[in-house]
Amino acid sequence: MKMIFILHPLGALLLSPLLLGIVNRTKAFFAGRKGLPLLQAYYDLARLFQKSAVYSRTTSWVFRAGPMVGLAAAMTALLVLPIGGGAACLNFTGDLIFLIYLLGVMRFFTVVAALDTGSAFEGMGASREVQFSILAEPALLLSLLAMGEIGESAIDSGIPLPHLSLSGIYAGLSFSAWMHSGTVLLLAASALFIVLLTENARIPVDDPNTHLELTMIHEVMVLDHSGPDFAMILYSSAIKLWIFGALLAGILVPVRSGDFLLDGAATLGGIFLLPIGIGVIESSMARLRLLRVPQLLSGAGVLAILAIVLVLKG
Amino acid sequence: MSDSVPEIFTLSSGQAKHIRNATVLGMDAFQDAVIHAIEEGGRISALFAQPIHGRCLRLWAMISQDSLSRILPLCTDMDESSYPSLTPLCAQAHWFEREIHEQWGLVPKGHPWLKAIRFHAPYRQTHGRSVADKTPEIGVADFFQVEGEEIHEVAVGPVHAGIIEPGHFRFQCHGELVLHLEISLGYQYRGIERRLAGGPDKRTIHYMETLSGDASVGHAIAYCQTIEALSETRISARSQAVRGIALELERIANHVGDMGALAGDVGYLPTLSFCGRIRGDILNMTGLICGNRFGRGAIRPGGVGFDIDAEMSSVLLSRLDTAEKDLTVAINLLWKTSSVMARFEGTGAVSREMAELMGLVGPAARACGIDRDVRKDMPEGIFRFSQIPVSTWNTGDVLARAHVRWLEIQRSIAFVRIQLHNLPAGQLQIPPPPLPPDRLTVSLVEGWRGEICHVALTDSQGRFSSYKIIDPSFHNWFGLAYALRNQQISDFPLCNKSFNLSYCGHDL
Chain A
0 MKMIFILHPL GALLLSPLLL GIVNRTKAFF AGRKGLPLLQ AYYDLARLFQ
50 KSAVYSRTTS WVFRAGPMVG LAAAMTALLV LPIGGGAACL NFTGDLIFLI
100 YLLGVMRFFT VVAALDTGSA FEGMGASREV QFSILAEPAL LLSLLAMGEI
150 GESAIDSGIP LPHLSLSGIY AGLSFSAWMH SGTVLLLAAS ALFIVLLTEN
200 ARIPVDDPNT HLELTMIHEV MVLDHSGPDF AMILYSSAIK LWIFGALLAG
250 ILVPVRSGDF LLDGAATLGG IFLLPIGIGV IESSMARLRL LRVPQLLSGA
300 GVLAILAIVL VLKG
Chain B
0 MSDSVPEIFT LSSGQAKHIR NATVLGMDAF QDAVIHAIEE GGRISALFAQ
50 PIHGRCLRLW AMISQDSLSR ILPLCTDMDE SSYPSLTPLC AQAHWFEREI
100 HEQWGLVPKG HPWLKAIRFH APYRQTHGRS VADKTPEIGV ADFFQVEGEE
150 IHEVAVGPVH AGIIEPGHFR FQCHGELVLH LEISLGYQYR GIERRLAGGP
200 DKRTIHYMET LSGDASVGHA IAYCQTIEAL SETRISARSQ AVRGIALELE
250 RIANHVGDMG ALAGDVGYLP TLSFCGRIRG DILNMTGLIC GNRFGRGAIR
300 PGGVGFDIDA EMSSVLLSRL DTAEKDLTVA INLLWKTSSV MARFEGTGAV
350 SREMAELMGL VGPAARACGI DRDVRKDMPE GIFRFSQIPV STWNTGDVLA
400 RAHVRWLEIQ RSIAFVRIQL HNLPAGQLQI PPPPLPPDRL TVSLVEGWRG
450 EICHVALTDS QGRFSSYKII DPSFHNWFGL AYALRNQQIS DFPLCNKSFN
500 LSYCGHDL
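Order-wise, the sequence lines are chains A and B.
Just so we're aligned: the first sequence equals residues 0 to 313 in numbering that gives the first Met the number 0.
Just so we're aligned: the second sequence equals residues 0 to 507 in numbering that gives the first Met the number 0.
Among the clues, some could well be false.
As the list claims (entries may be wrong) - Distance condition first, Cα-Cα at most 20 Å in a straight line; then the derived SDA-like pairs of lysine to any residue:
#, chain 1, residue 1, chain 2, residue 2
1, B, LYS335, A, SER283
2, B, LYS335, A, VAL279
3, A, LYS33, B, ASP280
These aren't lab readings, by the way, just hints derived from the structure by calculation.
Build out the structure end to end from the sequences listed, making use of the hints.
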């Protein structure tokens with residue numbers, strides 16, 4: 000029984016770079032271009048892993064540790080991530096906070112590695128990243144908690160999973176949960192989607208394709224990384240996109256037939272549809288002025304709070 | 000008319016006059032005349048020093064009086080190594096006086112910010128030191144600094160992340176807010192002006208076409224106009240029309256590229272992708288005419304290098320129609336997308352007063368509501384017969400600069416269409432005779448960035464004793480620095496793109 004749960008983290012490790020390819024192809028479609036090969040991210044990773052890294056003399060071990068810790072944290076996070084209503088490899092009470100902290104560790108090390116270079120650009124990017132994550136983190140936590148409250152009722156009805164664990168929360172979601180508390184789920188999903196765009200450096204918050212250092216948030220922090228280090232950064236950001244994709248797809252397509260493979264496949268389909276949605280957004284709107292990003296994120300926070308209020312009232 | 004006092008020595012664009020007609024003023028009278036002319040609504044199109052004999056320099060100011068369609072050349076001779084600066088009284092002189100100081104070691108006393116603009120060795124020895132000793136290290140200078148615990152400095156360039164020209168930008172920031180930006184150029188300095196003295200020769204036209212690669216046609220026309228004015232060559236109506244078509248195609252191509260790039264800078268992909276392709280289509284039209292997509296070889300002294308025959312003209316017309324149709328869709332997408340408008344509106348605004356004060360030119364000036372366009376104010380060639388309405392907007396921000404570009408694209412397309420339908424007959428090229436001695440001419444062309452000004456002075460042999468080139472970027476770089484005040488640093492690339500100035504045109 001346990002063996003089957005390891006399939007998801009392994010699958011995620013294998014398939015996550017494909018998500019980046021899907022985003023690119025969607026954008027290319029809208030631009031009337033042929034676009035990069037779907038597997039381009041894999042080629043890039045293979046190429047970067049074969050290169051050697053260049054290190055500035057002003058950097059210390061922190062700079063080298065950043066990408067490794069980031070990748071390790073992202074991979075660990077996959078372990079607590081449930082798919083298709085089944086339990087994740089690891090599940091324990093409050094593991095959703097564990098997930099948020101893993102993402103926090105990842106961000107912390109990206110930020111300190113950026114600061115370690117002493118570059119004005121990277122400092123600027125780090126400051127933006129931290130400022131925005133202060134607002135994004137509560138939105139994520141609150142929307143997961145709101146969903147947790149809905150899931151709790153399902154746990155009471157017999158599924159033996161710990162309280163406030165991601166596995167428990169997602170096991171409790173189903174289409175019938177949408178029937179009786181659809182508003183809460185919609186609010187939580189919207190908040191989660193905004194957080195997803197922010198955390199994955201997507202338009203309208205950040206522009207992953209820009210070459211303009213002064214406007215970047217995430218990209219500018221990793222400008223000095225090269226070779227395998229940069230490959231680890233690329234890989235961990237692909238995994239991060241997978242994590243958020245799984246969290247969102249879990250809400251939006253909660254097929255709970257009882258057949259693990261079928262339920263898992265539904266979520267998987269959702270995960271692969273998501274990059275198409277991201278591509279559509281990136282092809283149809285401009286980036287927000289940086290000054291407006293906190294307002295968008297506060298909006299996400301408000302949605303999440305509203306979800307909590309509705310759950311507690313109901 | 001009170002202004003037509005016969006003693007006033009004036010020029011119209013594309014007219015040459017004997018230098019003896021110019022009255023050499025005393026320093027005080029020169030300063031008064033310049034400042035008076037500026038107060039009257041004139042602006043400095045060129046201000047430069049010409050070596051005459053010994054250590055003596057002649058300071059020339061070419062004041063454009065747009066409303067009178069004429070240029071007022073003023074000059075004064077100087078034996079001393081310093082003179083009272085014009086800049087405190089006339090901000091337009093700021094960059095020019097720094098240039099004069101760097102080239103000739105002439106100190107404008109009282110200049111508020113006297114430092115190098117190109118970091119090259121001086122044109123002449125000063126105080127017995129050899130030229131080699133004085134070659135400064137490029138970009139190494141004191142920058143304006145804001146002090147305070149919370150102020151941080153961001154240095155960008157000269158190496159950039161994109162494939163663009165080198166320039167150094169020094170921001171004084173408080174968080175994301177830019178308090179001050181100083182721009183330091185000179186990385187593209189090639190010493191073209193020095194090479195032109197003693198000309199013209201076979202190389203001259205090629206220097207002109209590579210002054211600023213994306214304005215090849217504009218600079219080539221400005222140069223050819225000076226040769227034709229000096230040698231009193233009248234070019235045929237046909238070659239004037241072909242020049243007009245080449246110039247407007249250059250404008251359309253560059254404006255289209257800029258519209259796409261503006262969309263790209265805010266992350267709006269549809270317009271970016273469309274415009275990138277359409278810009279290529281327009282460049283190919285220029286390529287069809289002369290074999291070079293940037294119009295090299297199209298313009299030659301005495302006329303044009305290539306003709307447009309009936310067959311080519313119908314091909315161009317049909318390509319123009321397709322391009323216009325696609326462009327209208329692509330660019331209207333921008334105006335209809337609120338997320339794009341939110342980024343354009345109010346970003347990098349320059350008031351009309353400041354634009355007048357700094358002497359901005361081209362779309363940057365017209366976006367501030369200034370009705371300033373060489374094609375209207377000092378028309379030359381085809382523009383004397385076929386007028387293009389001046390496109391202006393009044394908000395002075397990125398939106399205005401984008402909007403003016405779009406208006407100009409449409410009006411230039413209409414102009415090119417009319418010309419292609421009505422190409423007059425005439426000889427393609429009339430070889431100009433050798434240049435007469437001791438002449439002065441000023442040639443103005445509305446390039447796609449704005450006013451291109453070439454000033455030529457011939458010596459007693461009819462060679463160039465001085466050839467001065469003012470690219471529109473020379474006027475506008477300071478405008479960009481000003482536009483960034485109290486803006487978000489993350490909006491710099493967008494503002495920069497909305498001005499889209501030339502580094503090599505400035506550095507020469």
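Quick rundown of the hints versus the structure:
1. LYS335/B with SER283/A: Given pair LYS335/B, SER283/A holds - Cα atoms ~11 Å apart, limit 20 Å.
2. LYS335/B with VAL279/A: holds, 17 Å
3. LYS33/A with ASP280/B: Roughly 19 Å separates the two Cα atoms, so the pair holds.
The structure is consistent with each of the numbered hints, conforming to all of them.
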